[in-house]
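Asker: Guided by the hints, dock chain B onto chain A, whose structure is given.
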Amino acid sequence: MHNIAVKSKDVTLLEILDRVLDKGVVISGDAVISVADVDLIYLGLKVLLSSVETMERLRGAPITGPMQEAT
Amino acid sequence: MRLHTYAIIDSSDQVDEPIYGLEGARVYNVPYCDMGAIVSELGAGSIQDIAEQGILAHEDVTEKLMERFTVLPVRFNTIYDGTEGVLAMMQSYYRDFRDNLDRLSNKVEFGIKVIWPSDRIRESIVNARKKSDKKTTVPTDSPNRKFMRDKFEQYRLSEELENRADKFINIMDMFFSKFAAEKKLKKLRTEDLLLDAVYLVEKDKQGDFKEAFEHIKSAHAGFKFLFSGPWPPYNFVDLTKNTDSLEDSPQRDLFDILIQDRELVGTDKI
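Protein sequences, first through last, are from chains A and B. So the first sequence is residues 73 to 143, counted in the numbering used here. So the second sequence is residues 167 to 436, counted in the numbering used here.
With the rest of the complex left out, here is chain A:
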């Protein structure tokens, strides 16, 4: 996101991750090729430790994210 009212780039990235990796049209079926498990992509990202929504679900524990006050 380029035009959102937050100070921290990391927080913006977390908002993106929560959407792009977990929301929207989720298709299942034979035609879909999965070349990388989405969970593994998470593990490859340092910022995942602060993801408020998805990590809570993946690990079953509440996560305190680096919430940034809006401008």
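What the hints contain is simulated information worked out from the structure, not anything from laboratory work. Check before you lean on any hint, since a few could be wrong.
Unchecked claim - Listed next, the stretches of chain B that the computed footprint assigns to chain A, with coverage defined by at least 3 CB atoms under 8 angstroms from CB atoms of chain A: (1) 221-230; (2) 282-293; (3) 398-404.
As the list claims (entries may be wrong) - Chain A is faced by these chain B residues, among others (derived, beta-carbon under 7 angstroms): (4) M255; (5) P309; (6) S394.
As the list claims (entries may be wrong) - Okay, the calculated beta carbon distance ranges per label pair: (7) B/R295 - A/V98: 42 to 52 angstroms; (8) A/V98 - B/S308: 48 to 58 angstroms; (9) B/Y321 - A/V98: 32 to 42 angstroms.
Just so it is clear, CB atoms sit at the ideal spot from N, CA and C, and this is done for glycine as well.
Answerer: Then chain B, alone, in the frame of chain A:
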């Protein structure tokens, strides 16, 4: 040929503006009836190597598309083996996509997260309770009775905390909902995260919605707010997967024609 899918859009036309996605590949529309799937071709490498960049590129593509079309963003890492795979998916989900495109037309998503000072609020509840307890005489308890009383107090404390959370959320939501078509609210995901909400807002009400947010923010000193958007409506795509929807419809015939005539389902660059 592996195709990475970015979004379903409400147009079967190609887009004039060049847009580049994963691995710098230009994205294009795979048309199906009155809609299309935006895809780009992937190289042989593993998508894990480009995960973070790829995620940002994926989002960038959907946002650019959002400026011109109604967009159903597709989850990252949805990859098909060729155009036939994409078209089979479009056939299978056509009714769902159509319903969602109609419902989400001209609307965008906003995210609002609110952190409240739960420690301070908990403390104020405890203090208020102590004051009221002073007015009543507490008999000397046995250890068992004390244990039960402490447990009961904890229960009452968390109940009171929830009541206060409900009151705050109701007030906030009253303001936000005024300018929203749909919403999804989650209360107290963690003790500090009072509200984690997404709102679907008509494009011409964005200004009013932001104003409502500023109003609520300024009225809640000590709370922290995260406002994000406008997003493609990631949280409001609602698929029921009505897979037989095309079987008896006029669209089915059209699909067959499209499949037979590769010229029409071709992969013209945007």
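Asker: None of the hints should be skipped; say for each whether it holds.
Answerer: Going through the hints against the structure:
1. Beta-carbon proximity to chain A at under 8 angstroms applies to 5 residues in the stretch 221-230 of chain B; the threshold of 3 is reached and the given coverage holds.
2. For a cut-off of 8 angstroms, the count of residues in the stretch 282-293 of chain B with a CB near a CB of chain A stands at 0, and the three-residue condition is violated.
3. Coverage of a stretch by a chain is defined here by at least three residues with a beta carbon nearer than 8 angstroms to that chain's beta carbons; for the stretch 398-404 of chain B and chain A the count is 4, and the condition holds.
4. The interface hint given for B/M255 is met, as the beta carbon of that residue sits about 6 angstroms from the closest beta carbon of chain A, less than 7 angstroms.
5. The criterion of a C-beta within 7 angstroms of any C-beta in chain A is not met by B/P309, whose closest approach is roughly 32 angstroms, and the hint is violated.
6. Because the smallest distance between the Cβ of B/S394 and any Cβ of chain A comes to about 5 angstroms, under 7 angstroms, the interface hint for this residue holds.
7. The supplied range of 42 to 52 angstroms is met by B/R295 and A/V98, whose beta-carbon atoms lie about 46 angstroms from each other.
8. Checked against the hint of 48 to 58 angstroms, the pair A/V98 and B/S308 passes, with Cβ atoms roughly 56 angstroms apart.
9. Roughly 38 angstroms separates the CB atoms of B/Y321 and A/V98, a value that falls within the hinted 32 to 42 angstroms.
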